Amino acid sequence: MAAGAPRVFVSHLAGVAVFDPNGDEVGRVRDVVALLGGRRRLPSVLGLVVEVVSRRRVFLPMTRVTGVESGQVITTGFLNIRRFEQRPNERLVLGELLDRRVTLKETGEEVTVLDVGLQRLPARRDWEIDRLFVRKGRKGGGLRGRRGETLTVEWDAVTGFALEEPEQGTANLLATFEQLRPADLANVLHHLSEKRRAEVAAALHDDRLADVLEELPDDDQVEIIGKLADERAAVVLEAMDPDDAADLLGELPEEDKNRLLDLMQPQEAAPVRRLLTYEEGTAGSLMTTDPIILRPDASVAEALARVRNEDLSAPLAAQVYVCRPPDETPTGTYLGVVHFQRLLREPPFALVGALVDADLRPLPPSTSLPALTSYMAAYNIVSAPVVDEGSHLLGAVTVDDVLDDLLPEDWREAAAVGGLPGFAHDDPDTRPHPPGRDGAGGADREGARGDG
207 MAAGAPRVFV
217 SHLAGVAVFD
227 PNGDEVGRVR
237 DVVALLGGRR
247 RLPSVLGLVV
257 EVVSRRRVFL
267 PMTRVTGVES
277 GQVITTGFLN
287 IRRFEQRPNE
297 RLVLGELLDR
307 RVTLKETGEE
317 VTVLDVGLQR
327 LPARRDWEID
337 RLFVRKGRKG
347 GGLRGRRGET
357 LTVEWDAVTG
367 FALEEPEQGT
377 ANLLATFEQL
387 RPADLANVLH
397 HLSEKRRAEV
407 AAALHDDRLA
417 DVLEELPDDD
427 QVEIIGKLAD
437 ERAAVVLEAM
447 DPDDAADLLG
457 ELPEEDKNRL
467 LDLMQPQEAA
477 PVRRLLTYEE
487 GTAGSLMTTD
497 PIILRPDASV
507 AEALARVRNE
517 DLSAPLAAQV
527 YVCRPPDETP
537 TGTYLGVVHF
547 QRLLREPPFA
557 LVGALVDADL
567 RPLPPSTSLP
577 ALTSYMAAYN
587 IVSAPVVDEG
597 SHLLGAVTVD
607 DVLDDLLPED
617 WREAAAVGGL
627 PGFAHDDPDT
637 RPHPPGRDGA
647 GGADREGARG
657 DG
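Numbers given in my numbering equal positions in the sequence shown, counted from 1, plus 206.
Be aware that one or more of the hints could be misleading.
Stated by the list, open to error - The calculated BS3-like cross-link candidates involving lysine-lysine, where the alpha carbons are at most 27 Å apart (straight line), are:
| id | residue 1 | residue 2 |
| --- | --- | --- |
| 1 | K433 | K463 |
| 2 | K433 | K342 |
| 3 | K342 | K311 |
Claimed, not checked - Distance windows between CB atoms, simulated:
| id | residue 1 | residue 2 | range |
| --- | --- | --- | --- |
| 4 | Q292 | Y585 | 14 to 24 Å |
| 5 | D517 | K311 | 23 to 33 Å |
| 6 | Q547 | A409 | 41 to 51 Å |
| 7 | E460 | N586 | 39 to 49 Å |
| 8 | E360 | E231 | 31 to 41 Å |
| 9 | G456 | E275 | 15 to 25 Å |
| 10 | E429 | D606 | 29 to 39 Å |
| 11 | A560 | S580 | 27 to 37 Å |
| 12 | A408 | S580 | 17 to 27 Å |
| 13 | Q292 | E360 | 21 to 31 Å |
It is worth saying that the hints were derived from the structure and are not from the lab. These figures come from a predicted structure and were not determined experimentally. All C-beta atoms, glycine included, are put in the ideal place defined by N, C-alpha and C.
My request is simple: use the sequences and hints to build the entire structure.
Right, here's the structure in full:
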């Protein structure tokens, strides 16, 4: 949207970078907060939910937005670092209004909300919702020739936003965030209502849902997997990394865990069952059973081809493990590791068996977390081999799994943001209060606003 333009649609704001006046990025827009049912004829736009670099979500009042232009939001430079908490009467436009079924007042037709238009009031920093982009036709049906017809209507040309919709769609919400990394989409899901979270999870592709579940807190994982049909839950667990699937199943009641394991394909369930046998907080419980494993007669070219696999995490791609056959965990005799940098220095036809680093001693699965952390720090490695008493490779522990176990359970929520540019630690909450909240009327709502 060009500078000074009076209107923007919320789909164009999703994920947009937020900058302070000095040009430093302070976060990205994750939602828009609106007040429905206030004293004004049109809903007031109170502010933006901004996700800062620590993934904490904070509130940015619209009175502190000085520009929305060229795919970016410019602020006055002061943000309240307090975590955003949604208040009664407030609505999250992306999370709650998109895909909503409402009714055109003039014709009585049901339409689906595809996008929401925000307008800046002349000579003011206040914004309001004034337009809706909608599609005609009922879900799964519609008259011939009319299905898919779209139009832009005034906000007060529809009714139905005050009602709770039992089955709200998800297509437009998902389209808005389809380019997000799994960790970022997980953060979006975490901040949705339980109802919307279940709807979005149900609509995600199995592989995409598996990636997102791996990034969610335990409580959210258990909630989502518990609302899926058992057959689909088993398929999603199969698509997860075995160590993440084992962690999730370990949070479930014994009966539910065993039922889902029995529904999984035997070859997919086997490594998960093995991981569940290890004591929590040990190398065995933290390891992945799918590192890059090669036989000693494999070439450097073959090793590099395996490393190039885009589905591998960076720690797993940092080195390959050389073992005698069989080359699936638990493998034959473990011979050693070849680091990625060594592979880059050798000719493509060289054999990995001649390049192994046999001095890096492997770890038993009973290795404690403190010992594992010290081991990885001492050798400056991001992935460590785990072997059994017979020197068979069982898996590898990666640094990301170690960090997940070292950080507090609420690290996604409690990450500090001190020292970030553009953030004021003592900035008062300037979000407008809904009429009647804490005994405040319209005057208090306006007076609570401030440009700081």
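Consistency of beta-carbon spacing, E275 to G456, with hint 15 to 25 Å: With a Cβ separation near 49 Å, G456 and E275 fall outside 15 to 25 Å, so the hint is violated.
Could one say that the CB atoms of A408 and S580 fall in the range 17 to 27 Å? violated, 43 Å
Evaluate the given range 39 to 49 Å for the C-beta pair formed by E460 and N586. Since the Cβ atoms of E460 and N586 sit about 40 Å apart, the hinted range of 39 to 49 Å holds.
Verdict for A560, S580 (Cβ pair) under range 27 to 37 Å: Given range 27 to 37 Å: holds, Cβ gap about 31 Å.
Does K342 sit within 27 Å of K433, going by the straight-line distance between their CA atoms? violated, 30 Å
Please check whether Q292 and Y585 have a Cβ separation lying inside 14 to 24 Å. violated, 46 Å
State, for the Cβ atoms of Q292 and E360, whether the hinted interval 21 to 31 Å holds or is violated. Because 26 Å falls inside the window, the suggested range holds.
Evaluate the given range 23 to 33 Å for the C-beta pair formed by D517 and K311. Cβ of D517 to Cβ of K311: about 50 Å, so the range 23 to 33 Å is violated.
Starting from K433, check that the Cα of K463 is at most 27 Å away, please. Judged against 27 Å, a Cα distance of about 14 Å means the pair holds.
Between Q547 and A409, does the beta-carbon spacing fit 41 to 51 Å? Distance hint for Q547, A409 holds at roughly 42 Å.
Could you tell me whether the CB distance from E429 to D606 stays inside 29 to 39 Å? Taking Cβ atoms as reference, E429 and D606 lie about 23 Å apart, which means the hint is violated.
Could you check the hint for me, namely that E360 and E231 are 31 to 41 Å apart, CB to CB? For E231 against E360, whose Cβ atoms are near 35 Å apart, the range 31 to 41 Å holds.
Of the numbered hints listed earlier, those contradicted by the structure are 2, 4, 5, 9, 10, 12.
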